[in-house]
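Enquirer: Using our numbering, read the sequence shown as starting at -15 and increasing by one per residue.
It is possible that part of the hints are untrue.
In silico DSS-like links for lysine-lysine, alpha-carbon gap of 27 Å or less [said to hold, decoys possible]:
| hint | residue 1 | residue 2 |
| --- | --- | --- |
| 1 | Lys154 | Lys140 |
| 2 | Lys50 | Lys60 |
| 3 | Lys50 | Lys70 |
| 4 | Lys71 | Lys140 |
| 5 | Lys71 | Lys50 |
| 6 | Lys44 | Lys60 |
| 7 | Lys140 | Lys44 |
| 8 | Lys70 | Lys25 |
| 9 | Lys154 | Lys60 |
| 10 | Lys154 | Lys50 |
| 11 | Lys70 | Lys44 |
| 12 | Lys44 | Lys71 |
| 13 | Lys44 | Lys25 |
| 14 | Lys154 | Lys71 |
| 15 | Lys25 | Lys60 |
| 16 | Lys154 | Lys44 |
| 17 | Lys25 | Lys154 |
Think of the hints as simulated: they come from the structure by calculation, not from any bench. From a predicted model like this one, the values you see are computed outputs, not experimental measurements.
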Amino acid sequence: MLSPVVAGIFLAITALLLYAASRPDTFRIERSIRIAAPAAKIFPLLDDFHQWERWSPWEKPDPSLKRTFGGADSGKGATYAWVGNKKIGQGRMTIIESTPPSHLQIQIDFMLPFEAHNRVEFILQRQSDGTLLTHAMFGPSPFISRLLGIFVSMDKMIGGHFEEGLSNLKAIAEAADDVPAHA
């Protein structure tokens, strides 16, 4: 016969696992910002991976980040692979849909520190005062992610990075006279 403490622990773990299993098996994280600039000025900062170093918050934590660009220079077929420190890990992005200046979709494949395969989307909508830019990531949520999500909010963690990147894009697009081409 199990002691009441062991039985309680067993029941708590079982309840936790059942709760995790009942959570959605997909996720979507998104943030938006209004930018006082036309979409045609913002889009090249997104559609050209060479420009990401200027605004992406994931570029800064590792000054020795190794970047490899491939495929098209920009737009559909452009690729960007990275190898970084433990915080940044390793992965690859491929632009799979590019509709200037309104929509961009990217396949993002993380290899380290964990494996995940998701989509990233940028939607640019014309507004009377400029552009509403939405940055989203969505994909499958495997069981381990649903379990960890009980304790750690992916929306808050990733969303904060999205907000930082969007703020950086806003500052660049509103300040610059033009978007320089990559070297």
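Enquirer: Determine for every hint whether it applies to the structure shown.
Expert: Structure-based check of all given hints:
no. : hint               : in the structure
1   : Lys154 with Lys140 : 21 Å, holds
2   : Lys50 with Lys60   : 22 Å, holds
3   : Lys50 with Lys70   : 13 Å, holds
4   : Lys71 with Lys140  : 17 Å, holds
5   : Lys71 with Lys50   : 13 Å, holds
6   : Lys44 with Lys60   : 25 Å, holds
7   : Lys140 with Lys44  : 19 Å, holds
8   : Lys70 with Lys25   : 34 Å, violated
9   : Lys154 with Lys60  : 24 Å, holds
10  : Lys154 with Lys50  : 26 Å, holds
11  : Lys70 with Lys44   : 13 Å, holds
12  : Lys44 with Lys71   : 11 Å, holds
13  : Lys44 with Lys25   : 23 Å, holds
14  : Lys154 with Lys71  : 25 Å, holds
15  : Lys25 with Lys60   : 18 Å, holds
16  : Lys154 with Lys44  : 17 Å, holds
17  : Lys25 with Lys154  : 11 Å, holds
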